[in-house]
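Participant: These are the residues of each chain, in order.
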Amino acid sequence: MRGATRAKWAVGTVAVALVVTACGGGGGGGGDGKGVLSSSWGDPQNPLEPANTNEVQGGKVLSMIFRGLKRYDPKTGEAKDAIAQKIETDDQRHYTVTIKKGWKFSNGEPVTARSFVDAWNYGAHIDNNQKNAYFFGYIEGYEKVHPESGKAGAKTLSGLKVKNDTTFTVALNQKFSTWPQTLGYPAFAPLPQAFFKDHDGWLKKPVGNGPYRIESYDKGSAMKLRKWSRYKGPDKARNGGVDLRVYTDNNTAYTDLQAGNLDLTDDIPAAQLKNAKADLGDRYINQPAGIIQTLTFPMHDRRWGGEKMAKVRQGLSMAINRKQITRQIFQNTRTPATDWTSPVLKADGGYKAGLCGKACEYRPAAARKLIEEGGGLPGGRVTVTYNADTGSHKDWVDALCNSVNKVLKDDKACVGNPVGTFADYRNQITAKKMKGPFRAGWQMDYPLIQNFLQPMYYTGASSNDGKYSNKQFDKLVDEANAEPDRQAAVKKFQDAQKVLAKDMPVIPLWYQNGSGGYTDRLSDVRLNQFSVPVYEQIKVGS
Amino acid sequence: MGRYVARRLLQMIPVFIGTTLLIFLMVYSLPGDPIAALFGDKAADPATVARLRHEYGLDQPLLVQYWNYLTGLLQGDFGQSFTGRPVADLMADAFPVTIRLALFAFGIEVVLGIALGMLTGLKRGKFIDQLVLVLTLVVISIPVFVLGFLAQFFLGFKWGVITPTVQDSMNLGQLAVPAVVLGALSLAYVTRLTRTTVAENLRADYMRTALAKGLPTRRRIGVHLMRNSLIPVITFLGTDLGMLMGGAIVTEGIFNVQGVGNTLYRAIQTSEGPTVVGIVTVLVLVYLVASLVVDLLYAVLDPRIRYA
Chain A
1 MRGATRAKWA VGTVAVALVV TACGGGGGGG GDGKGVLSSS WGDPQNPLEP
51 ANTNEVQGGK VLSMIFRGLK RYDPKTGEAK DAIAQKIETD DQRHYTVTIK
101 KGWKFSNGEP VTARSFVDAW NYGAHIDNNQ KNAYFFGYIE GYEKVHPESG
151 KAGAKTLSGL KVKNDTTFTV ALNQKFSTWP QTLGYPAFAP LPQAFFKDHD
201 GWLKKPVGNG PYRIESYDKG SAMKLRKWSR YKGPDKARNG GVDLRVYTDN
251 NTAYTDLQAG NLDLTDDIPA AQLKNAKADL GDRYINQPAG IIQTLTFPMH
301 DRRWGGEKMA KVRQGLSMAI NRKQITRQIF QNTRTPATDW TSPVLKADGG
351 YKAGLCGKAC EYRPAAARKL IEEGGGLPGG RVTVTYNADT GSHKDWVDAL
401 CNSVNKVLKD DKACVGNPVG TFADYRNQIT AKKMKGPFRA GWQMDYPLIQ
451 NFLQPMYYTG ASSNDGKYSN KQFDKLVDEA NAEPDRQAAV KKFQDAQKVL
501 AKDMPVIPLW YQNGSGGYTD RLSDVRLNQF SVPVYEQIKV GS
Chain B
1001 MGRYVARRLL QMIPVFIGTT LLIFLMVYSL PGDPIAALFG DKAADPATVA
1051 RLRHEYGLDQ PLLVQYWNYL TGLLQGDFGQ SFTGRPVADL MADAFPVTIR
1101 LALFAFGIEV VLGIALGMLT GLKRGKFIDQ LVLVLTLVVI SIPVFVLGFL
1151 AQFFLGFKWG VITPTVQDSM NLGQLAVPAV VLGALSLAYV TRLTRTTVAE
1201 NLRADYMRTA LAKGLPTRRR IGVHLMRNSL IPVITFLGTD LGMLMGGAIV
1251 TEGIFNVQGV GNTLYRAIQT SEGPTVVGIV TVLVLVYLVA SLVVDLLYAV
1301 LDPRIRYA
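Top to bottom, those sequences are chains A and B.
When we follow the numbering used here, the leftmost residue of the first sequence carries the number 1, and every step to the right adds one.
When we follow the numbering used here, the leftmost residue of the second sequence carries the number 1001, and every step to the right adds one.
Calculated from the structure, these hints are not laboratory results.
Check each hint, because a few of them may be wrong.
Derived DSSO-like pairs: lysine-lysine, alpha-carbon spacing no greater than 27 Å straight-line [said to hold, decoys possible]:
1) Lys1126(B) with Lys274(A)
2) Lys1123(B) with Lys277(A)
3) Lys308(A) with Lys412(A)
4) Lys144(A) with Lys197(A)
5) Lys80(A) with Lys308(A)
6) Lys346(A) with Lys369(A)
Coverage of chain A stretches by chain B, computed from C-beta distances (three or more under 8 Å per stretch; other residues unrestricted) [claimed, not checked]:
7) 213–223
8) 478–485
Cβ atoms here follow ideal geometry from the backbone N, Cα and C, with glycine treated the same way.
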């Protein structure tokens, strides 16, 4: 037993000591724009092609080496013109895109209208296996190049036409008034001809048109990016470069950060969240990201999907003490949700706190009453399914069930149902095997209210995992998309959410924040809406 | 001797096929579709998933997949990881790192372990013996990750002797501390094993005879005693080399060494079959070869053992 005690002692000491030594490193300062910072990284899951990158690690690189037609302001989330000179339309369906002159890729090739059209055709074509191909699904001819089964019937999207070096036209297959605002997503980035001519060579060392260029890339361990001095855009890098270092374990990255051996990490381990504030002080970042966590009901299952069950679904939502869970389990890195979007949209973009109304507040008495009126839980109980391998979901699911059980005064009313692997979990969802509510997380593709609603709740939409369908909701979304005035469109989307509040096919739980920390060498560090650090703005001191 | 080696090498074939088949079946029968999981929380596009599954051969019956894998393997093709990189490439990056780390740790445990074991075996009951016994007990009873974190904390933070993590995975100097941590447990075992056999053999008849013959102490200890005492130690060391290569996951994680352990861990997390099977296959080979070498060393050490 001596060994065990000793081990505990040792772990305890390390934990305490880590806190004590938190303050390290040299003095800060403005920086001369030459300093290079190191940042934690994970090996990207997919080849680093713009239309094939759907997770944050690859996204980091793309955000540094690419600029598209639009760019989301890291502060406000507004889609601002980057390479686009203007994007015009008369009917919300046919767009003419004019790009600025003089932009170049870091290998010297000019950025032309063709760079975009070729890149988009590549991204959409089924033969290229691009995971973000669905982004091009609004463009005419998509079903030809990306059929649901079988071979492609065309090589290029019929909706894309190059007019001249700086102009191309886009025809969509439906009205979509906010479509230009989706163009800040990396999937829409332009690609140089080098990408098509020497694909393997390009993947070894990607070439883009952003403020950084890749100096060296050691797959699986590190990537060195350096400021590209001939970058044309207004958002030039304020530092000399970024070294991305792969960490398999975010605890290790956090340790390195505290020792001053790593400048920036954007992934604070859950177990350290409690200490992070004390360890890092104002160098701890905790700011909203475009991610909402929800509990989705299997609306295809008669026991949960029935009209009468709406009351039960609402009741369950009211039985969840969101405030307590976000505080105690998540250390305030989540915010209780009161609508189906995200605060990063800002009021202008359509975020409206409290749209969900009373149904998203903790009201034990009302919850009991509603569930009773709706005929009680099916079979007297509810199981909440989650995947157990990543994201430490068990903690909050248990807390959530605890909260429900307390409200219903029944210890066995709600239980968690872990599924071993994420792959299996997704499998069960797509196979409609879920017998009760299950966890879901939505990370936005672009900061638009449309992206929080249509892909998930529109009838037959790609990520409508619960198979929810409501004609009124669909109609409001259609109307919003056809609405040329942005504010009027936003209003329609908000009305659509009121339909969700009534039906409650998905319980909004909380908005997720991005968290991170940095050493005092750095200043002006923030995350954008996709919880990716805004590298080009960071200043490195000595 | 030659025939024995040939027979052993031939025996490796069924073992090799059996283990790879087992690992293959285990990895590929995990529930869920790893390709669909690549799409994250978002619904995967069925057409793209189907194409990717076809490209990775995941749409075929399991045994056909295994056959394809095996025939590929015989041609030196380890398949492709989900990031589009050949697995052979991944391993070419990871194995040199881990081999360095493992050999470093192995060197430490062989040299230090046998030296300490001899010393304590000869000085049984003396202070140095007691001291080493207590120290090895401590090492054996502390889990590797605690040892790792302690070393990282004291050497990395407190005294600033090393950087808390390894910056360049190929740099031998930086691998020193992880190697010590990795080898510590086995070092303790080797020390204790050597000590016991040395103490036992000291009382053996041939040692008395050697003494009576008037052989010099150096020859008595260095040749007669050591040679006979090393057999169990070498058995342990042989399997330990394989352990060091495959079991470095914890140590590599703590010190962020980009070796086999970390690569394997990532591959298991994403159910990346080709990578997992490829790495484990190579590890199995390492085990097999190591145990063959051990068996051959027996004959070198003990003249009574002859392989026909």
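Participant: If a hint holds in the structure, say so; if it does not, say that too.
Facilitator: Cross-check of the supplied hints:
no.	hint	in the structure
1	Lys1126(B) with Lys274(A)	50 Å, violated
2	Lys1123(B) with Lys277(A)	54 Å, violated
3	Lys308(A) with Lys412(A)	23 Å, holds
4	Lys144(A) with Lys197(A)	24 Å, holds
5	Lys80(A) with Lys308(A)	45 Å, violated
6	Lys346(A) with Lys369(A)	35 Å, violated
7	213–223	holds (count 4)
8	478–485	violated (count 0)
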